[in-house]
Structures are given as structure tokens and as C-alpha cells.
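Participant: Sequence:
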Amino acid sequence: YTKEELIGRQVVAVINFPPKQVGKVMSECLVTGFADANGDIVLTSVERVLPNGARLA
8 YTKEELIGRQ VVAVINFPPK QVGKVMSECL VTGFADANGD IVLTSVERVL PNGARLA
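Just add 7 to the spot in the sequence shown (first one is 1) and you have my numbering.
Keep in mind the hints are simulated off the structure, nothing from the lab.
Just to be clear, a hint being listed does not mean it is correct.
Stated by the list, open to error - Ranges of calculated distance between the beta carbons of each label pair, as one might list FRET restraints:
{"id": "1", "residue 1": "Met33", "residue 2": "Leu13", "range": "31 to 41 Å"}
{"id": "2", "residue 1": "Glu11", "residue 2": "Ser34", "range": "13 to 23 Å"}
{"id": "3", "residue 1": "Ser34", "residue 2": "Glu12", "range": "13 to 23 Å"}
{"id": "4", "residue 1": "Glu54", "residue 2": "Gln28", "range": "30 to 40 Å"}
{"id": "5", "residue 1": "Ala64", "residue 2": "Pro25", "range": "32 to 42 Å"}
{"id": "6", "residue 1": "Ser34", "residue 2": "Arg62", "range": "15 to 25 Å"}
Cβ coordinates follow ideal geometry from the N, Cα and C atoms, glycine included.
Using the sequences plus the hints, can you model the full thing?
Facilitator: Structure below.
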């Protein structure tokens, strides 16, 4: 996904993990998704608009 494709979208992410070095990037957030039949990642998203930062129940 490009930055432009993500603007205005809500996705499911974990933000309470400690920072971790992933390649050249320091990751502070784990965005969740599933691999489709082609191995491409499909981001986990919400059915309705929720407040940003809402907790997963």
C-alpha cells in the first residue's frame, strides 16, 4: 500500500508493542492483515467508522 492509498482509511493495528528494528526501519506499530491467494496482503479494516485508537474487544 502507498501512503496515498491509506489516507482516510481505518485499519486494525497493535500500538502497545515496544519498538522493534525491522530491516532499516524502527517499527512502533504492527498493522494486521491477511495474505490472499496470490500472497498479497489485504489489510484488516473495520466495518463502520470508529474513533481512532478504539480498543479491540
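Participant: All the hints need checking, so say for each whether the structure fits it.
Facilitator: Hints versus structure:
1. Met33 with Leu13: 31 to 41 Å: violated (19 Å)
2. Glu11 with Ser34: 13 to 23 Å: holds (21 Å)
3. Ser34 with Glu12: 13 to 23 Å: holds (19 Å)
4. Glu54 with Gln28: 30 to 40 Å: holds (34 Å)
5. Ala64 with Pro25: 32 to 42 Å: Since the Cβ atoms of Ala64 and Pro25 sit about 23 Å apart, the hinted range of 32 to 42 Å is violated.
6. Ser34 with Arg62: 15 to 25 Å: holds (20 Å)
Hint violations for this structure: numbers 1 and 5, all remaining hints satisfied.
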